[in-house]
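Each protein sequence line maps, in turn, to chains A and B. Here the first sequence stands for residues 23 to 418, where the numbers follow the working numbering. Here the second sequence stands for residues 23 to 418, where the numbers follow the working numbering.
These are calculated hints, taken from the structure and not from any lab test. Glycine included, C-beta positions come from ideal geometry on N, C-alpha and C. Keep in mind that the hints are not guaranteed to be accurate.
Said to hold, decoys possible - What follows is a set of in silico ranges between Cβ atoms, one per label pair, in the way DEER data are often shown: (1) A:189 x B:82: 55 to 63 Å; (2) A:226 x B:83: 51 to 59 Å; (3) A:106 x B:82: 27 to 35 Å.
Number of protein chains: 2
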Amino acid sequence: MINVQYKQMLGAKSVIRELSEYATKRGAEIGYENVYDYSLGNPSVPCPDGYTKAIVELHKKNPMDIHGYSPSTTLPSVREAVADSLNKRFGMDYKMDHIFMTSGAAGALSHALRAVTKPGDKVLTFAPFFPEYNPYVSGCGDELVVVPANTKDFQINIDAFKELLTEDVMAVLINTPNNPSGVVYSKETIETLADILREAQDKYGHDIFLISDEPYREILFDGQTYTYPSKYYDNTLSCYSFSKSLSLPGERIGYVAVNPRATDADLLVPMMAQISRGTGHNCPASSVQLAVAEVLEETSDLSVYETNMNILYDELVKLGFEVVRPGGTFYIFPKALEEDAVAFCKKALKYDLILVPADSFGVPGYFRMAYCIDTNKVKRSLDALRKFVSEEYGIN
Amino acid sequence: MINVQYKQMLGAKSVIRELSEYATKRGAEIGYENVYDYSLGNPSVPCPDGYTKAIVELHKKNPMDIHGYSPSTTLPSVREAVADSLNKRFGMDYKMDHIFMTSGAAGALSHALRAVTKPGDKVLTFAPFFPEYNPYVSGCGDELVVVPANTKDFQINIDAFKELLTEDVMAVLINTPNNPSGVVYSKETIETLADILREAQDKYGHDIFLISDEPYREILFDGQTYTYPSKYYDNTLSCYSFSKSLSLPGERIGYVAVNPRATDADLLVPMMAQISRGTGHNCPASSVQLAVAEVLEETSDLSVYETNMNILYDELVKLGFEVVRPGGTFYIFPKALEEDAVAFCKKALKYDLILVPADSFGVPGYFRMAYCIDTNKVKRSLDALRKFVSEEYGIN
Numbered sequence: 023m024i025n026v027q028y029k030q031m032l033g034a035k036s037v038i039r040e041l042s043e044y045a046t047k048r049g050a051e052i053g054y055e056n057v058y059d060y061s062l063g064n065p066s067v068p069c070p071d072g073y074t075k076a077i078v079e080l081h082k083k084n085p086m087d088i089h090g091y092s093p094s095t096t097l098p099s100v101r102e103a104v105a106d107s108l109n110k111r112f113g114m115d116y117k118m119d120h121i122f123m124t125s126g127a128a129g130a131l132s133h134a135l136r137a138v139t140k141p142g143d144k145v146l147t148f149a150p151f152f153p154e155y156n157p158y159v160s161g162c163g164d165e166l167v168v169v170p171a172n173t174k175d176f177q178i179n180i181d182a183f184k185e186l187l188t189e190d191v192m193a194v195l196i197n198t199p200n201n202p203s204g205v206v207y208s209k210e211t212i213e214t215l216a217d218i219l220r221e222a223q224d225k226y227g228h229d230i231f232l233i234s235d236e237p238y239r240e241i242l243f244d245g246q247t248y249t250y251p252s253k254y255y256d257n258t259l260s261c262y263s264f265s266k267s268l269s270l271p272g273e274r275i276g277y278v279a280v281n282p283r284a285t286d287a288d289l290l291v292p293m294m295a296q297i298s299r300g301t302g303h304n305c306p307a308s309s310v311q312l313a314v315a316e317v318l319e320e321t322s323d324l325s326v327y328e329t330n331m332n333i334l335y336d337e338l339v340k341l342g343f344e345v346v347r348p349g350g351t352f353y354i355f356p357k358a359l360e361e362d363a364v365a366f367c368k369k370a371l372k373y374d375l376i377l378v379p380a381d382s383f384g385v386p387g388y389f390r391m392a393y394c395i396d397t398n399k400v401k402r403s404l405d406a407l408r409k410f411v412s413e414e415y416g417i418n
Numbered sequence: 023m024i025n026v027q028y029k030q031m032l033g034a035k036s037v038i039r040e041l042s043e044y045a046t047k048r049g050a051e052i053g054y055e056n057v058y059d060y061s062l063g064n065p066s067v068p069c070p071d072g073y074t075k076a077i078v079e080l081h082k083k084n085p086m087d088i089h090g091y092s093p094s095t096t097l098p099s100v101r102e103a104v105a106d107s108l109n110k111r112f113g114m115d116y117k118m119d120h121i122f123m124t125s126g127a128a129g130a131l132s133h134a135l136r137a138v139t140k141p142g143d144k145v146l147t148f149a150p151f152f153p154e155y156n157p158y159v160s161g162c163g164d165e166l167v168v169v170p171a172n173t174k175d176f177q178i179n180i181d182a183f184k185e186l187l188t189e190d191v192m193a194v195l196i197n198t199p200n201n202p203s204g205v206v207y208s209k210e211t212i213e214t215l216a217d218i219l220r221e222a223q224d225k226y227g228h229d230i231f232l233i234s235d236e237p238y239r240e241i242l243f244d245g246q247t248y249t250y251p252s253k254y255y256d257n258t259l260s261c262y263s264f265s266k267s268l269s270l271p272g273e274r275i276g277y278v279a280v281n282p283r284a285t286d287a288d289l290l291v292p293m294m295a296q297i298s299r300g301t302g303h304n305c306p307a308s309s310v311q312l313a314v315a316e317v318l319e320e321t322s323d324l325s326v327y328e329t330n331m332n333i334l335y336d337e338l339v340k341l342g343f344e345v346v347r348p349g350g351t352f353y354i355f356p357k358a359l360e361e362d363a364v365a366f367c368k369k370a371l372k373y374d375l376i377l378v379p380a381d382s383f384g385v386p387g388y389f390r391m392a393y394c395i396d397t398n399k400v401k402r403s404l405d406a407l408r409k410f411v412s413e414e415y416g417i418n
């Protein structure tokens, strides 16, 4: 018999998806180049040539060597290459046994959550947050608890965090660089977070895992380096996707990296293999696993995102928007010019500006712009933006 | 905190996996060519050249056209191609909307089961059955009920089926051609099954879905054609994998095809997209989706499996084994020469014959041989087989 729970989910459409569909429809009317579509977080630059070369070379080999079943814990040679790369880059000491290849960050987060929580547990995250955390967490039978935002700089709201970190919280989910704020957690933020988690572990007498969602780790601005959360807290599961760094979102490839000093560190990957048996996730495509292992030190040309950020940030500041300068990602997160961000974004549509209200990101009154689009279009959108705020809000 | 349920699963190793590991270890000692390894159902022939050409050609295109996100219901062009191919081949009338691409049969079954059952429901299957049905079904929170085997011909045990088809059964899971028996359900079996299901739907006043697991559909012997279950019963979800037909098990690619006359036929694929959000399965790799769509009418050279079957079947019959002649797959399922098939298979190891006892397939006293191996090795294994039954059971 049809499952009513999933049937009912059909009604609730994602606001991002709806706006993106509107943009496509509007594009058919006036030409998509005239729609300033800041809705979707879809990479706008191609994958590096190295990836294409690697996958084409692989397919010249004996097919039996590249298309066979992966072991349930995923391909050993790939896990080893990922461990080596992370060790070199972040001074970690991962072994192959701590790496589990997954279908992108969605697969990584789903396995990490199931491995360290049980249905009914609380998982804590920080606003603003990626709305897909809701189905990831509820899909495990867990409850997502959201720490209100620190809107001053979108680092962590420490007091609210301490208050909400109750005994029944078994995992804390962070996302740095952050979708939607674009903010990168500072070393100080990570250290404070780790201290609070260690204190809480001692106080409550049980493990609290940090699940660190890091798909934007390679898109950093102003020459800064990444503060790798696992370096600061042993019970960390780092969840990664190559979707943004290699512009491969459709290939569904990422991993979980288990800190070697985490509780039961050597059991967690075999447990994730067991989790896969029940969900039908299994391993990511073998050829894609093998190809990314060849280009772990490469990225797409990500400089366009910083260029776009600077153009938008400067203009938004000039127009008087309250906005925190992004440290990475391809998102910016200004405060709307009226309390109701949904109304604000609706008015923007008249100027063919597709902005996403932040209610579903846990911070009403703000909006997100995904500037993974052509720089030329970003520049052309500024006129529309100026016209919009002038005509609707009298700002000149 | 570590999830105890998954941690406990680590203890229970699959007997197939254990035997396969033993075979690898033994191979290191005496040369793998001397180990008659009938343990694993891993294709032994390469994918067709057409697949390799298709994927290489795809990677010559603009990367933005092949590596982008699939819509949550998977790639429209691929779904359309699959619908067309099935319509042509089985006289169906699928539209794109009825096809959902998945990570192999495991992904297909997991989505189908979640879409048409809810936790606590009963799912009925027939012995002998693929042991991974246990985690697939229990992963949904459902209970797997096994109809005892009809060991005469391994078609369906009709009386036992009727008895076990109680009101709380919401789905029936079949696998034809069958792993492990190699038997193909006859047209008569499928028609009887469909009649019984329709009667039960009327009697109980609710839908009962038929979930048809068909990865071996293309490996048929003696020139027979396939009886496509969905043609005979409207509430059918056909689950397919290209793992065996195209020898691509590692690429994790398959689909669910929803019968257009099933209840809520147009909602089931969008529901599966919602199910994916909670499990982190998402879509299979975009490039692999696109490449298989180019070779839907092709298969690997599957003739070796029939060659191997004939050699083994003839010898087993000659040695007096009770065995049903397989109609397809790359499995054969003889009765062991003593009641305890585990003891039987253990004795076979002395002769470097790796046979899998069928206790975990739901038919104690039988064993499975997976003859997806080199024909030469099959021939060489006959001496070992003869020596084994002669020395251990006095059969000459």
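Hint by hint, here is what the structure shows:
no. : hint                     : verdict
1   : A:189 x B:82: 55 to 63 Å : holds (57 Å)
2   : A:226 x B:83: 51 to 59 Å : holds (54 Å)
3   : A:106 x B:82: 27 to 35 Å : holds (31 Å)
When held up to the earlier numbered hints, the structure conflicts with none and fits them all.
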